[in-house]
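**Student:** Residues per chain, in single letters:
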Amino acid sequence: MAALTREAAGRLLARQGILVAFAVFMVVFALANPRFIDIGNVAGVIRSSAILGVMALGVTFVVIGGNLDLSVGSMMSFSTIVVLDLHDTLGPALAIPAMFALTLCLGAFIGILVGYLKLNSLIVTLGMLSAIHGLTLMWSGGKNMDIADKAGTWFGIFGRGDVLGIPVPILIFALLAVVLSVVLSRTPFGRKVYAVGGNGTAATFSGVPRARVVFLTYILSAFCVAIAGLMQASRSLGSQNTVGQGMELEVLAAVILGGASLLGGAGTIFKTVIGVLILGFIQNGLLLMGLEFYVQYVVTWVIIILAVWLDIAAKRSRLWSPIA
Amino acid sequence: MTDATPVLRLEGIVKTFPGVRALDGVDLELRPGEVHALMGENGAGKSTLMKVLGGILQPNEGRILIDEAPVVMTSPLEAKGKGVVFIHQELSLADELSVAENIFLGELPRKRFGRVDWTRLYATTDAILKTLNVRFDARTRVGDLSIANQQMVEIARALTVSPRAVIFDEPTASLTDAEKVVLFDVIEDLKAKGVGIIYISHRMEEIFRITDRISVLRDGQYRGTLRTAETTEDEVTQLMIGRSLDLSRSPVRHALGKVALEVRGLSCGHLYRDVSFSVREGEVLGFYGLVGAGRTEIAETLFGLRTPSAGSIRVNGDEVRIGSPVDAIRHGIGLVPEDRKGQGLVLGMNCRDNMTLPQVDDLSTGPFVSDGAEVAIFDQYRDRLDIRTPGWRQIVGNLSGGNQQKIVIGKWLSMRPQVLIVDEPTRGIDVGSKSEIHNLIRDLAAQGYAVIVISSEMPEVLHVSDRIAAMYSGRIMRTFAAEEVTEDSLIQAISGLEPEKVA
Ligand SMILES: Nc1ncnc2c1ncn2[C@@H]1O[C@H](COP(=O)(O)OP(=O)(O)OP(=O)(O)O)[C@@H](O)[C@H]1O
Ligand SMILES: [Mg+2]
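Which chain is which? The protein sequence lines are A and B, in order.
In case it helps, my numbering puts the first sequence at residues 1 to 324.
In case it helps, my numbering puts the second sequence at residues 325 to 827.
Okay, chain A solo, but in the shape it has when bound (with noise of 0.2 Å):
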C-alpha cells in the first residue's frame, strides 16, 4: 500500500513536476511575504507578464516542431517602434494592419530559411535578431518613438484598458492561449507541429509536408509578435528601440520551464502559460523581497535551472531507460 502511494507521487511528479515545483515555490513566498498572495498583486503579475506570455505561445510552437526562436525580442522592438511611428501618419486604424503585415512578412523570411531552405534555426534566428534590430534603428533613425497627441487617441487600449475590470492585456493572453490550446490540441495543423518535431523524417514518410508545418510555426509566432508589440506600443504609448532586448530568453526560458522539449515533439499551450506565471512570480516576489534588480538575474537563472533540474530528475525516477 505504501508502495502504491509512493509509486501514484512518484507518476505525479513526473507528470507535473512544473506543477509541483510551482505550488511549493507559491507556498514558500507567501509564507515569507502574505503581500504575495494578495489579489493587486497577482493581477500585478498576470498583467505584466502578458506581453512575454503572449510572446512565448507562439515560441511554443516553433519550439515543438522542433527548432528556435531567437528573433522574437528583436522583432518586438520592430512592431512596437513601427506601430508606433505609422500611428501619427497614418492614424491607428490603418497602423495596426500594416505593422502586422511588416511583422509577418519578418516571420515568413525566417521560415523560409528554415522551413524551405533547412537552415539551422539557431543561426539563421540569432542573425535575425541582430539584423531586424538594425532594421528598426534604420526606421526610427536611432530615435525614441513617440505619440504626439497622447490623450486624444484610443490607441491605449490594448495596454491600458479595462473590460468588465479586468485589464485587456490579460483578457488578450487569456483568449490567445485558449486559441492557440485548440490549434494545438485539437487541430491536424498541431498535431503536426507535434510529428515533425518528434521525428521529421517520419513525418515526411507520412505525408506531412515538413517544410509548409514549419513555415507555419515561423508566420504563427511573427503573429504573436506582433500582438505582443501592439500591446506593448499601447501600453507606453512611446518607446526605445530596445524594448524587447533580451527577451527571447526569457520567453525561451518560459517555454523550457513549462517543459516543452527543445528537442522538440513534446509540449502544450498550458504548460507554458504556467512556465509564464512561474517567471513572472518568481521576479515579482524577488522584488517583495527587497532584491536589487541585479540580484534578481541572479537568482531568476538559479530557481530557473532548479525547477528543471527537478523535472527532468522526477521524470527520470520513470524513465525505464539510463540512456535519455
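Calculated directly from the structure, the hints in this document are not laboratory data.
C-beta: ideal position from N, C-alpha, C; glycine also.
Hints may be right or wrong, so weigh each one.
Said to hold, decoys possible - Residues on chain B that point at chain A, a partial pick, calculated with CB under 7 Å:
#, residue
1, 649
2, 650
3, 653
4, 661
5, 666
6, 667
7, 669
8, 670
9, 672
10, 682
11, 684
12, 685
13, 688
Claimed, not checked - Residues of chain A placed beyond 10 Å of chain B at every Cβ, according to the derived structure:
#, residue
14, 34
15, 123
16, 131
17, 156
18, 164
19, 166
20, 249
21, 305
Put chain B with the ligands on the given structure of chain A with help from the hints.
**Tutor:** Coordinates of chain B with the ligands only, in the frame set by chain A:
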C-alpha cells in the same frame, strides 16, 4: 548437453509498467556452453526480461543468480563487470568515432597524464577483431560500416571482457544470409568457450539451426522449456500462441483488374537502372533480392522521396510526376518503410496519432481533429493486427518492437491506398502475426488493391506473391509467375548468375 550448474538463473521475476504487467514471475536457467532461445509473441516480455538481466531495468520482484549466488545489477556496466553482456537490436554506436574508440568507449587505455594509449588501443582492438574474422580494422570510422559490420562492433565490445553470458536480442533482423553465417560462427565460438548464450528471434529456421533449448514466454509468464532436438516448430508455436498455425492455406488466386501502376525504364543514378514493371489491381508483386539490390530505392522513388534520372511512372494509365510523399498519397500510393524507428514512427507520440497521421486532415470535422473517427480506426486495426497495448494513449516508444511494426502497417492499411508498397513488412513480427499480415496482404489484393511486397525472406515472397521480380545490383533480372518459380531459379536470378531475360 551436460547438466552442469547454470551460469545464470532467474527466479520469479516480476516487472510492471503503468497499466502493463510485462513479466509475471518468470524463471529461466542458462547453462554454460548452451545456446538458449527465448521465444514468445510480440509483447510477451522477452526484451523486458533481458533488460532486467542486463541491468537496464530493475525488477519489482524476483532474484538473479550468477553461479548460484544472488546478484543485484543496477546498470549495464555493472552487468558487464559480472560477465553479462547484452547485444541490442537497436545499435548504440557513435558514428563519428573509430571502431576501436567505440569498443573501448569509457575505458580507453591510458598512458601517463591521462593521455590515450593509441598504439595499445588499436593493437588490442585488432586482436579482438581478428577472432571475429571481419574485414575492417580498428581505425575504420563506424559510420562507414554496414549494419552487419556495426553489429560485429557491438559483439566485439562484448568480448573485451570474458563474458559468462551473452544476450542477443533479434540480432539477425537486418542481416543478409551471408552475414548471418558469420554471426552464427561467432556464436559457435562463444559456445565452445563455455559461454552461455540467450538468443531472441522470431525466425524458426534459425532457432532450430543454432539453439540447444527453447524457453517460451506468453503474456509475461514462463510457459516452459523444450529441448530443440526433441521438439517441432508446431510444438513451439502451440506453446507460444496456444494454437497451431494453419500454414496450408495457400493464397487464393483471383482475376486481376486493370494495370494500376506501370513503371518504364526507370533509373536513379547508380542505385538502379532501366527498371520496368507493372502491377495490376488485385495483384501482389514481390520484389526479392539481396540487401542493396536497389529494391528500397525503387520504393522510395515511387513514394516521391527520390527523383528518378530517367523513365516514367503511370498510375491508372496516366503519366504522373511524383515529387513528394504528399503527391504519392494523392495518387493513391502508400509505403510501409523498412526502418520503423527512423521512418515509420514518431516514437514520442501515442499509438492512435501515429496510426492516423497520414489521414489526419481527411478525418477532421470542420477545423478540428475527430477523436471518435480516429479511435474507431485505431480500434479496428488493433483488433485486426492484434496489437498489444493498454490503449491508444500509450506512447509508441513503450510498445514492444513487433507491436511498433504493426502500428506502421496499420497506418497504411487504414489508408486503403490503391497501390500499397510494403518494405520488409514482417521484420521482428512473431509467427502468428506474420501469417496474419500475409493474409491481410492477400485480402487487400482480393479487394482489388495492387500490392508490392519487398522482402529478403524467400518463404515470405513465395507465399504472398502472384509474380516475383528478382533483383540483382540495381536491375530486375527476371520476373517469375508464382506457378513457375522455384527456390533455385530465384536464388540464381538474385545472385546475377543467370543471363538477363525479359519476362
Ligand atoms: N517503458 C515501458 N512502458 C510501458 N510499457 C512497456 C515499456 N516497455 C515495455 N512495455 C510493455 O511490456 C510488454 C513486453 O514488452 P517487450 O518489449 O518485452 O516484448 P517482446 O517480447 O520483446 O516483444 P517483441 O517480440 O515485439 O520485441 C509490452 O506489452 C510492452 O508494451
Ligand atoms: Mg523485443
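**Student:** Please write out, lowest number first, the hints stated earlier that are contradicted by the structure.
**Tutor:** none
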